[in-house]
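Student: Listed here are the chains, written in short residue letters.
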Amino acid sequence: MNKIDQLKEIIKPYVPNRERLEHLTPETDFIKDLAINSANLVDIILDIEEQFEITIDNDGMEKMMDVKSALAIIDEELAKK
Amino acid sequence: MKRRVVITGIGIVAPNGVGKEAFRIALENGDSGIMFDAQLADLKFSCTVSGKPQLTDEYISTFFTDLELRNFNASGILYGVIAGMQAWKDAGLPISSAEKPDWDSGTIFGSGTSGIDKFRESIYKIDDLQTRRLGSTVVAQTMNSGVSAFLAGKLGLGNQVTTNSSACTTGTESLLMAFERVQSGKAVRMLAGSTSDSGPYIWAGFDAMKVCTFKHNENPEQASRPMSASASGFVPSSGAGAFIVEDLETALARNATIYAEILGGNVNSGGQRGSGTMTAPNAEAVQKCIKNAILDAGIEAIEIDVINGHLTATSKDALEIENWTIALNRSGSDFPYINSLKGMVGHCLSAAGSVELVASILEIHHQFIFPSINCADLNPEILKLITAEKIPHETIYQPIEILAKASFGFGDVNGCVILKIYKNE
Chain G
1 MNKIDQLKEI IKPYVPNRER LEHLTPETDF IKDLAINSAN LVDIILDIEE QFEITIDNDG
61 MEKMMDVKSA LAIIDEELAK K
Chain Y
1001 MKRRVVITGI GIVAPNGVGK EAFRIALENG DSGIMFDAQL ADLKFSCTVS GKPQLTDEYI
1061 STFFTDLELR NFNASGILYG VIAGMQAWKD AGLPISSAEK PDWDSGTIFG SGTSGIDKFR
1121 ESIYKIDDLQ TRRLGSTVVA QTMNSGVSAF LAGKLGLGNQ VTTNSSACTT GTESLLMAFE
1181 RVQSGKAVRM LAGSTSDSGP YIWAGFDAMK VCTFKHNENP EQASRPMSAS ASGFVPSSGA
1241 GAFIVEDLET ALARNATIYA EILGGNVNSG GQRGSGTMTA PNAEAVQKCI KNAILDAGIE
1301 AIEIDVINGH LTATSKDALE IENWTIALNR SGSDFPYINS LKGMVGHCLS AAGSVELVAS
1361 ILEIHHQFIF PSINCADLNP EILKLITAEK IPHETIYQPI EILAKASFGF GDVNGCVILK
1421 IYKNE
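Protein sequences appear in the order of chains G and Y. Sequential numbering from 1 applies to the first sequence in my numbering. Sequential numbering from 1001 applies to the second sequence in my numbering.
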């Protein structure tokens, strides 16, 4: 499974309208495009941390608003390992 | 002008029955919901029996989304939301559309604590320096108003949305607060009720005070013994009761089922003066609360057919009966019927008032008086005040018009509600 598909699985439970997940692109915004409740972004980050066995700091958390930035931060943290 | 107020829907999550039909059958049969509680035994509680509502995962998933149930650990919210949603559906009310809230409807849904298990789980994480791993739902699950917030979100309520808290009086108080809001025209309908968290972390303080019984652990179904000579403390339990409190005209206009009319009531406090303390009631305040409820309802004490008492199965039961005899100026064979639901379900604490009110509403709607179980050996102090036949041991089927329900709580707080059968007149 590539990273974008892994990410799709992680965010799935938080997306009210699952159909929107079909067209996930790097530009997809978690709140604007997927209508994820902003409070759930921290839950998504915790799930990402668990899945990839990484730790994302507060600055990284703030940037994680869309698929592209999430993937970039995951790569960055994985590179540190 | 004061508006007339009726009850048009009920919901119930009780240790001896979930849903109005199951609960009514349990009431008529006198079924106990008290069981051995292995967790309490493992934790070396003195009392090792309790009453908990029995809910399957399948049933729970009809009220909550998978996302809501992720990391969910708040039994009080669980029970309250289920009872509240049952009541809303029972009243035949629609769920507000996605865009606009229902400005005419609100909720006053009481609790004593919220998400105590979630709170415990969080404290362990915090002390383990894992605050950042708490997730996003700790606040919603542990804030006292969690239950009303969840309900308002599910139903789109746009009127007042709040949670009241007054210990064991909470449920009765919620009904009266909702009643006043509808009576004054500030809301068309209010979802009222109350809930209680479940389990050792909410019950431990009572066990430590030795107010829970530890003499009947071997016989769970006989452990809760209000009004009996062998009563030795209450059995801890949990659950939720809910009711739709609605403006009569609106209820009639939409052809709603009317379970009962709320004639009036009263809440007060003994101020922890005189005989009143944090844990004991001021007798004068209790009597005043009952008298003022009768006055507010515009009835005479002689018209009361049935009392649903607070009667927890402690040494205070006889004092409560004495307070009723003084407040009503009725005793012996002139006293109304009186029963205590706690014999069947134990003491649901902050949910007690609402669970017991749902039982009272069912008694009026279906015209029966449920048995007060486990008091074949009536307390002789009670028999000095009222005759034995006023305490039913089997269900009595007879017309009842007016019922009085009272609850008393820690902090020396009291609440009394007067309900009447509704006849279209």
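Worth flagging that the hints you see were computed from the coordinates, not collected in a lab. Worth double-checking, as some hints may not be accurate.
Here are a few chain G residues that face chain Y, going by a calculated C-beta distance under 8 Å [stated by the list, open to error]:
# : residue
1 : PRO13
2 : LEU21
3 : LEU24
4 : ALA35
5 : ASP43
6 : PHE52
We put the CB at the ideal spot given by N, CA and C, even for glycine.
Student: It remains to establish, for every hint, whether it holds in the given structure.
Tutor: Cross-check of the supplied hints:
no., hint, in the structure
1, PRO13, "5 Å, holds"
2, LEU21, "14 Å, violated"
3, LEU24, "18 Å, violated"
4, ALA35, "12 Å, violated"
5, ASP43, "5 Å, holds"
6, PHE52, "15 Å, violated"
Checked against the numbered hints above, the structure breaks hints 2, 3, 4 and 6 and satisfies the rest.
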